[in-house]
Amino acid sequence: MLRFALILALSLPTLAAAAPCGNTSSGFEAWKQDFAKQAKRSGVKKKGLQALAQTQYATRTIAADRNQKSFKYSLDKFMRVRGADTIVAQGRKRKARNPQFYAALERQYGVPSGVLIAIHGMETGFGNFMGDSQVVSAITTLAYDCRRSEFFIPHAIGALKLVDQGSITTATKGAKHGELGHTQFLPGNALVYGVDATGDGRVDFYNMTDALASTANFLRQKGWKPGRGYQPGQPNFRVIQEWNAASVYQQSIAIMAARIDG
0 MLRFALILAL
10 SLPTLAAAAP
20 CGNTSSGFEA
30 WKQDFAKQAK
40 RSGVKKKGLQ
50 ALAQTQYATR
60 TIAADRNQKS
70 FKYSLDKFMR
80 VRGADTIVAQ
90 GRKRKARNPQ
100 FYAALERQYG
110 VPSGVLIAIH
120 GMETGFGNFM
130 GDSQVVSAIT
140 TLAYDCRRSE
150 FFIPHAIGAL
160 KLVDQGSITT
170 ATKGAKHGEL
180 GHTQFLPGNA
190 LVYGVDATGD
200 GRVDFYNMTD
210 ALASTANFLR
220 QKGWKPGRGY
230 QPGQPNFRVI
240 QEWNAASVYQ
250 QSIAIMAARI
260 DG
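Per numbering that gives the first Met the number 0, the sequence shown runs over residues 0 to 261.
Honestly, the hints are just simulated from the structure, not real lab data. All figures in this text were calculated on a predicted structure; none of them were measured in a lab. Keep in mind that the hints are not guaranteed to be accurate.
Straight-line Cα separation of at most 30 angstroms, DSS-like style, residue types lysine-lysine; simulated pairs [said to hold, decoys possible]: (1) Lys-76 - Lys-221; (2) Lys-39 - Lys-92; (3) Lys-39 - Lys-175.
Distance windows between CB atoms, simulated [unchecked claim]: (4) Asn-127 - Gly-165: 23 to 29 angstroms; (5) Gly-226 - Asn-66: 36 to 42 angstroms; (6) Asn-97 - Gly-261: 17 to 23 angstroms; (7) Glu-241 - Leu-74: 16 to 22 angstroms; (8) Gly-261 - Pro-225: 15 to 21 angstroms; (9) Thr-23 - Ala-52: 18 to 24 angstroms; (10) Asp-75 - Tyr-205: 30 to 36 angstroms; (11) Gly-165 - Gly-124: 25 to 31 angstroms; (12) Ala-29 - Gly-226: 49 to 55 angstroms; (13) Asn-66 - Thr-197: 32 to 38 angstroms; (14) Gly-26 - Asn-66: 42 to 48 angstroms; (15) Lys-71 - Thr-197: 37 to 43 angstroms.
We put the beta carbon where it would ideally sit given N, CA and C, even for glycine.
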C-alpha cells in the first residue's frame, strides 16, 4: 500500500511550490526567480522585475539583522547612545529656523513638530546619514532570509513597485534593513503613505519636504488624534508604537518630542 502511494505521488505532476527561504546566499538566485512570479502577480512591472533580477545577496544586511543590540539597552543608555540631547538641541534650532514649515504640516496632519523632528533626528541625524546599503538588495535579501521572511516580503514587493514608480532605483542607498530616505521608511510603508508634498509629480523620500509630509501622513493614517497627548498612556503613544516596535525607541521619541516642543 505504501509502495503504491509512493508511486502515485511520484507520478502526479509537481505542483508549483514556492522556492524555500534560506539562511545563506546559496539559494538566493533560485528564490529570486520564483519571487519574480509572485511579484508579477502582485502588480510589479518591467522596471521592478529588472531591479529584482539585479539584486545581490546582502551579507552586511544579514549581519546587522543578527546583531541589533541597541534595542536591548535601558531607556537611559539607549537615549545616551543615540544622542538624544543633541537631537533635542538641534531639533529646537531647526524648528525655530523654519516654524512655518512645521506649522503647515501640523495643520494638515495634526502631528506636532516635535514628533516629526524627533523621528527625523533619531533616524538619520536630520538627513546627515541615510544609509549606505542598496535598498532593493537589502529588502529582497530579508524577504528571502528565513528569520522574518513573511514580514519583509510585502516590503520587498513595495520596493519593486517604488522602482516602477520612479521613486527609487537599484542604486538607491538606505539603511541595512532596506529603510529609505530622511525618516527611514520601510518600502511597503513608503508605497502606501508616501506624499508628493513638493508637487513635482514624484514622491521623493530623499527630499525633506516629501519625507516629513509622508511621515506625518503615516502617523495620521495610523490613528493620530490631533491635539491629544503622545506620552505613554496617552492616546497618540499607540501611534508612535506603529512607527517602531522597540519600546525604548518609542519612549525616546515621546520624551525628545516633548522637549523640542516645550
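So, going through the hints one by one against the coordinates:
no. : hint                                  : verdict
1   : Lys-76 - Lys-221                      : 29 angstroms, holds
2   : Lys-39 - Lys-92                       : 46 angstroms, violated
3   : Lys-39 - Lys-175                      : 25 angstroms, holds
4   : Asn-127 - Gly-165: 23 to 29 angstroms : 25 angstroms, holds
5   : Gly-226 - Asn-66: 36 to 42 angstroms  : 40 angstroms, holds
6   : Asn-97 - Gly-261: 17 to 23 angstroms  : 18 angstroms, holds
7   : Glu-241 - Leu-74: 16 to 22 angstroms  : 19 angstroms, holds
8   : Gly-261 - Pro-225: 15 to 21 angstroms : 19 angstroms, holds
9   : Thr-23 - Ala-52: 18 to 24 angstroms   : 20 angstroms, holds
10  : Asp-75 - Tyr-205: 30 to 36 angstroms  : 33 angstroms, holds
11  : Gly-165 - Gly-124: 25 to 31 angstroms : 27 angstroms, holds
12  : Ala-29 - Gly-226: 49 to 55 angstroms  : 53 angstroms, holds
13  : Asn-66 - Thr-197: 32 to 38 angstroms  : 37 angstroms, holds
14  : Gly-26 - Asn-66: 42 to 48 angstroms   : 22 angstroms, violated
15  : Lys-71 - Thr-197: 37 to 43 angstroms  : 39 angstroms, holds
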